[in-house]
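Enquirer: Construct the complete structure from the given sequences, taking the supplied hints into account.
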Amino acid sequence: MTTSYKASRRNFLKKVSLSGGGLIVGFNWFTAAAEKPVVITNMSIAGELGFNSYLSIAVDGTITIFSPNPELGQNIMTSFPMIVAEELDADWTKVKVMQAALDTKKYDRQLTGGSGAIPHSWKRLRVAGATARYLLIAAAANRWNVTAAECNTNNGQVIHTATGKKLGYGELAAEAATIAVPADVPLKNRKDFTIIGTAVKNVENKKIITGKGLFGLDFYREGMVFAMIQRPPAFGTKIQTVDDAAAKASPGIIDVVRFKNNVAVVGTSTWEIMKARKLLKVTYEKDGNIESTEDHDTIFATLLNSDKAVVRRKDGDVEAAFKTAAKIITSEYQCPFIPHNPLEPMNFFADVRTDGVELIGPTQTPGSARQAVSKLLNIPEDKITVDITRLGGGFGRRLKFDYVLEAAELSSIIKKPVKLIWIREDDMMGGSYRPAVRYRFQAALDAQGNLIGYKLRGVGMNQNNSTREDNFPSGAVDNLLIESVEHISPITTGAWRAPVTNFLGFAEQSFIDEVAMAAGKDPIQFRLELLEKAKTKPVGAIKYSIDRMEAVIKMAAEKSEWGKKPGVAQGFSIYFSHASYVAQVCEVEMEGKFPKVKKIIAVSDCGEVVNISGAKQQVMGGIVDGFGTAMFGKLSFKNGAPEQKNFDEYRLIRMKEIPEIEPYFVNNGIDPTGLGEPALPPTGGAVANALFKATGTRLRNQPFIDDATIGKQLRGY
Amino acid sequence: MPVFTLHINNKEQQVNVAADTPLLWVLRDHLGLVGTKFGCGIAECGACTVLLDGKAIRTCVYPVSKIKATQKITTIEGLSENGNHPLQLAWDEVDVPQCGYCQAGQIMTAAALLINNPKPTDEEILDTMHDNICRCGAYHRIREAVKLASTKM
Ligand code: FES
Ligand code: FES
Chain A
1 MTTSYKASRR
11 NFLKKVSLSG
21 GGLIVGFNWF
31 TAAAEKPVVI
41 TNMSIAGELG
51 FNSYLSIAVD
61 GTITIFSPNP
71 ELGQNIMTSF
81 PMIVAEELDA
91 DWTKVKVMQA
101 ALDTKKYDRQ
111 LTGGSGAIPH
121 SWKRLRVAGA
131 TARYLLIAAA
141 ANRWNVTAAE
151 CNTNNGQVIH
161 TATGKKLGYG
171 ELAAEAATIA
181 VPADVPLKNR
191 KDFTIIGTAV
201 KNVENKKIIT
211 GKGLFGLDFY
221 REGMVFAMIQ
231 RPPAFGTKIQ
241 TVDDAAAKAS
251 PGIIDVVRFK
261 NNVAVVGTST
271 WEIMKARKLL
281 KVTYEKDGNI
291 ESTEDHDTIF
301 ATLLNSDKAV
311 VRRKDGDVEA
321 AFKTAAKIIT
331 SEYQCPFIPH
341 NPLEPMNFFA
351 DVRTDGVELI
361 GPTQTPGSAR
371 QAVSKLLNIP
381 EDKITVDITR
391 LGGGFGRRLK
401 FDYVLEAAEL
411 SSIIKKPVKL
421 IWIREDDMMG
431 GSYRPAVRYR
441 FQAALDAQGN
451 LIGYKLRGVG
461 MNQNNSTRED
471 NFPSGAVDNL
481 LIESVEHISP
491 ITTGAWRAPV
501 TNFLGFAEQS
511 FIDEVAMAAG
521 KDPIQFRLEL
531 LEKAKTKPVG
541 AIKYSIDRME
551 AVIKMAAEKS
561 EWGKKPGVAQ
571 GFSIYFSHAS
581 YVAQVCEVEM
591 EGKFPKVKKI
601 IAVSDCGEVV
611 NISGAKQQVM
621 GGIVDGFGTA
631 MFGKLSFKNG
641 APEQKNFDEY
651 RLIRMKEIPE
661 IEPYFVNNGI
671 DPTGLGEPAL
681 PPTGGAVANA
691 LFKATGTRLR
701 NQPFIDDATI
711 GKQLRGY
Chain B
1 MPVFTLHINN
11 KEQQVNVAAD
21 TPLLWVLRDH
31 LGLVGTKFGC
41 GIAECGACTV
51 LLDGKAIRTC
61 VYPVSKIKAT
71 QKITTIEGLS
81 ENGNHPLQLA
91 WDEVDVPQCG
101 YCQAGQIMTA
111 AALLINNPKP
121 TDEEILDTMH
131 DNICRCGAYH
141 RIREAVKLAS
151 TKM
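Residue numbers (UniProt numbering), protein chains in the order written: chain A, 1 to 717; chain B, 1 to 153.
Honestly, the hints are just simulated from the structure, not real lab data. Note that the structure is predicted; figures quoted are calculated from it, not measured. Here a beta-carbon is modelled for each residue, glycine too, at the ideal position from N, C-alpha and C. Wrong hints could be hidden among the right ones.
As the list claims (entries may be wrong) - Pairwise CB distance ranges, derived in the manner of DEER restraints:
no., chain 1, residue 1, chain 2, residue 2, range
1, A, Lys638, B, Lys55, 36 to 44 Å
2, A, Gly164, B, His130, 56 to 64 Å
3, A, Asn464, B, Gln71, 51 to 59 Å
4, B, Gln13, A, Ser292, 45 to 53 Å
5, B, Gln13, A, Lys191, 56 to 64 Å
6, B, Glu93, A, Lys191, 26 to 34 Å
7, A, Leu187, B, Gln71, 54 to 62 Å
8, B, Thr70, A, Glu222, 31 to 39 Å
9, B, Lys55, A, Asn464, 49 to 57 Å
10, B, Ile42, A, Lys712, 24 to 32 Å
11, A, Arg221, B, Glu93, 32 to 40 Å
12, A, Gly669, B, Glu124, 40 to 48 Å
13, B, Gln71, A, Arg221, 25 to 33 Å
Stated by the list, open to error - Chain A regions said to be covered by chain B (calculated; three or more residues, Cβ under 8 Å):
no., segment
14, 213-224
15, 340-349
16, 382-393
17, 620-629
18, 642-653
19, 656-669
Said to hold, decoys possible - No more than 27 Å apart at the CA atoms, straight line, and that leaves these computed lysine-lysine pairs for DSSO-like:
no., chain 1, residue 1, chain 2, residue 2
20, A, Lys599, B, Lys147
21, B, Lys152, A, Lys206
22, B, Lys147, A, Lys212
23, A, Lys278, B, Lys66
24, B, Lys147, A, Lys206
25, A, Lys206, B, Lys119
26, A, Lys201, B, Lys147
27, A, Lys212, B, Lys152
28, A, Lys656, B, Lys119
29, A, Lys598, B, Lys119
Expert: Listed below in C-alpha cells is the structure:
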C-alpha cells in the first residue's frame, strides 16, 4: 500500500492511460447527487464528465484510488479506500491511494470532516468498488464462456468456482472496460468483509514520519512572498492610525499594506516579516461592544431570567408538575470560551492573476471558500482552483475560511503569489471560538423518586440554539420544557469539535447524576428506567434510538464492572451525538488528598467500524480532548482582548495528564455513522460524576482546575 | 548578511541570513527542510525539535548564530536513510499519527532521549515526552511507540 501526493486529474488520467488498456471507473463521493459510476473509455473527454474520484485497475494489477481526501487526522484517507477495496475484493497490498487535486467543480458538499464524511460516502464508495468487481467478473465469465454466477472473487482475482481457474484483475481490466455498467450492483454481505473492520495503518504514516511536506504551511513555490497580518487585538475595535515606517524599512520587507482592519507585512522570508511586524505602530479605537469575561457572567445571569427565551420543546404541563413535586433540584452549569488550537496555525497560499486564481492550503470547506473568493474579487468561480493540503488538525476551525479570503485579497492587492501565515498568537486571538455558555436545569421528583418534570434553559452566544431539545431525557419525561436565549457578542464564534454538545453533554449528564442521587437511585439504573419509560410510554418525538442507547449503557456497565471495584469511584455518562452513541465510565482513585483520574472505559456504537485502528484512535483522541478541555481549557477576555495568547498561558493537556482509555465497540452492522466527534461530549460528565463520588464536590463549571473546593488538588498541590 | 556554515543531516550547507534567524526558519524557508514544524514559536510545543549533537533543541527559539560549524544537526529528514530508524518503524507499527503535524517533533524528542538513555523507564519516557504537545491527543500511542522502539535499539 503506497500513496503519492497530489496530482491533477489530467495527470492521473494520462498516467493510467499510459500504462495501457486498464479499467477506469469514475465516481463521486462528495457531491450532493449520487450519480452512478461510469467506465471512462475516452480519456480526452474524461475531464468533461466532472467526476472527482477514479478507481483504476492497471494491466499489472495495480489498483489506484484517486480521490480528493481532505485529511485532518480523522483518517478518511485510509478508511475511504478501504471501503472501495472491500467491495472490489482487492489485494490491499496492491492498492495505491492518490491524493487528487480539487480541480473539479463537483464539490458542493461541505467537507465537515470525520463525523459527516463516512455516513455520506459509505454507499457510493461501496457501489464504486462493487461496480468494478462486477465488470471484472463479467469479463472473466466471457473469457471462460461461463455465467457470472459461477464465478467469485478473492484478493484481486476472479475465480471460476467449479474448476478453480483464476484470472488476476490486471489481466481482465481491458476487457472489463468494454462491458456496460449495470443499473444496480449487489453489495457484499457484511459477514464476507475481509478489509472493513480490520486494523489498517494510516496510508500516510511513512510520509509523516519522514518529514515530507504535506501540510499547508509546507507549501513553497518559487517566486512567492510571505505575509503576516496584524489584526485588532481586541474584539469590538478598529484601526485608528498606522505608522509602518519602521516596518517598511526593515530588511526583506517588500511592502506593508492596509486593507479592511488588517495591516499586512509582506516580505521575502518568514523571520523577516515576523520581526518587521513587531515594528508596526498601530492604534485602535472602539467600534462596537467591548466585552470582558465578567461582563459575560452578568449577561448570563440576566438572560437566564429573561422573558425572551425561545421555547424549543414543550411536553405536558411543566408548571403543574413542579407545583406538585416532592423535591426540586436546580443547578447551573457554565463553560468558558475555547479556542481550537490546531497545531498547524491557519495559513493559505493564494495567487491571484488576471487569468485565474490559485488557492492552496488547509481547508475543510473548499467549495464555500471558492464561492466567497469569487464574490470578494468578482472573478468567476470556474477561474478559481482550490487545492487542499493535509490539515494539521481542524477541530472545526478550518470550516471557516476567513484566512483564505485574507490571502486572496492580499494577493490581489500586491499582485504576487503569497503565503499568508498566522502565528500562534494570531490563531489563538483570531476568534471563531466555541462560545461560552450557561445552563440552568431543574428537575421535579415525586415522593417515589420518579422524574415528573424537567426544565432546561440555555444562554448561548451567536449560535442561535445552545440547547438540543430532543436529547435524552426528552421523550422519557411527561412534563418537559427546553428553552434557549441568545446573546449577540462581538467576539466571533464558530463550530468547535462536536458543536454545542461538547459542553451540553457534560452539563446534561452531570445533572442527570444529580437527579439520580436526589432520587436515591443508582445513576445507570436511573437512566435505564427513564429509557424504559420512553419505550413504554413515550412522550412526544423521540429522536434517538432507545435500543442502541440501552445497549451501550449495558455494555459499559459490564466492561467497567460497574459498582464492583472497591476503592474506585466510578462516574457514568452516555451521549448520543452526530448519529453515534457513546457510553463512558470514568474511574477516579484517591492518592492521599489528590483525586486521580485513572481510566475511562468507552463503549461506542458508530455502526460498522471501518478501520479498527483508526476508530480507536478517534475515540481516544476525542476523550483526551474532552478531558483536557474540561480540566484545563479556558480563554478569558479583558476589554475585548483574549488574555491567553500562546501555549504558555493557555493550557493544553499533556502526556502525564492522560488517563488510561479502554475503547470498545458495539458490532451491530448498522451503516457507519462516524467517530470524529461523538466520543468527546460524554467525557466531561463521566469525569465530573466520578470526581463527585470520590470527593463529594460537584463540578458545575469548566475548567475543573478553577474549582474553589478541589481545584488545587486537581492541579496536584 | 553573515554567512553561516551548518552541518545538517551529514551535509555541509551555507546560508546567508540575519544572525538572529531561528534555525527553524533557516531549515524551512532557506533549505527546504519542511519536516521540522512551526507550532508556537516560544519553545512550548516541541513541534520544531531537532537534534544538535544528539541533544534535542527547539529550533523556533534557537538563533542560527549560536550554532558552530562543528556541531551536527539532525532533522527528521536525516534521522535515517529510508525511514527505518527504530522510532519511525515503531511509529508506523503502533499507527501513531492522527493529523501528523506534531509527529516529527515527537520523534526527534524521543530520538534524543534514546541516544542518551537507550533503555528509559516508563517514568523517564513520560518526563521527556510530557514537553511535547499533541493537539490530537495521540499520547497513548506516542508513549507506546517510544517504549517499543527502546526495545529495539
Ligand atoms: S514551535 Fe518551537 S516549541 Fe513550538
Ligand atoms: S497528531 Fe495532530 S497534533 Fe499530534
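Enquirer: Work down the list of hints and note, for each, if the structure agrees.
Expert: Going down the list of hints, with the structure as the test:
no.	hint	in the structure
1	Lys638(A) <-> Lys55(B): 36 to 44 Å	holds (39 Å)
2	Gly164(A) <-> His130(B): 56 to 64 Å	holds (58 Å)
3	Asn464(A) <-> Gln71(B): 51 to 59 Å	holds (57 Å)
4	Gln13(B) <-> Ser292(A): 45 to 53 Å	holds (50 Å)
5	Gln13(B) <-> Lys191(A): 56 to 64 Å	holds (58 Å)
6	Glu93(B) <-> Lys191(A): 26 to 34 Å	holds (29 Å)
7	Leu187(A) <-> Gln71(B): 54 to 62 Å	holds (60 Å)
8	Thr70(B) <-> Glu222(A): 31 to 39 Å	holds (33 Å)
9	Lys55(B) <-> Asn464(A): 49 to 57 Å	holds (52 Å)
10	Ile42(B) <-> Lys712(A): 24 to 32 Å	holds (27 Å)
11	Arg221(A) <-> Glu93(B): 32 to 40 Å	holds (35 Å)
12	Gly669(A) <-> Glu124(B): 40 to 48 Å	holds (45 Å)
13	Gln71(B) <-> Arg221(A): 25 to 33 Å	holds (31 Å)
14	213-224	holds (count 6)
15	340-349	holds (count 5)
16	382-393	holds (count 4)
17	620-629	holds (count 7)
18	642-653	holds (count 5)
19	656-669	holds (count 4)
20	Lys599(A) <-> Lys147(B)	holds (20 Å)
21	Lys152(B) <-> Lys206(A)	holds (19 Å)
22	Lys147(B) <-> Lys212(A)	holds (24 Å)
23	Lys278(A) <-> Lys66(B)	holds (23 Å)
24	Lys147(B) <-> Lys206(A)	holds (19 Å)
25	Lys206(A) <-> Lys119(B)	holds (25 Å)
26	Lys201(A) <-> Lys147(B)	holds (19 Å)
27	Lys212(A) <-> Lys152(B)	holds (25 Å)
28	Lys656(A) <-> Lys119(B)	holds (19 Å)
29	Lys598(A) <-> Lys119(B)	holds (26 Å)
Taken one by one, the earlier hints all hold for this structure without exception.
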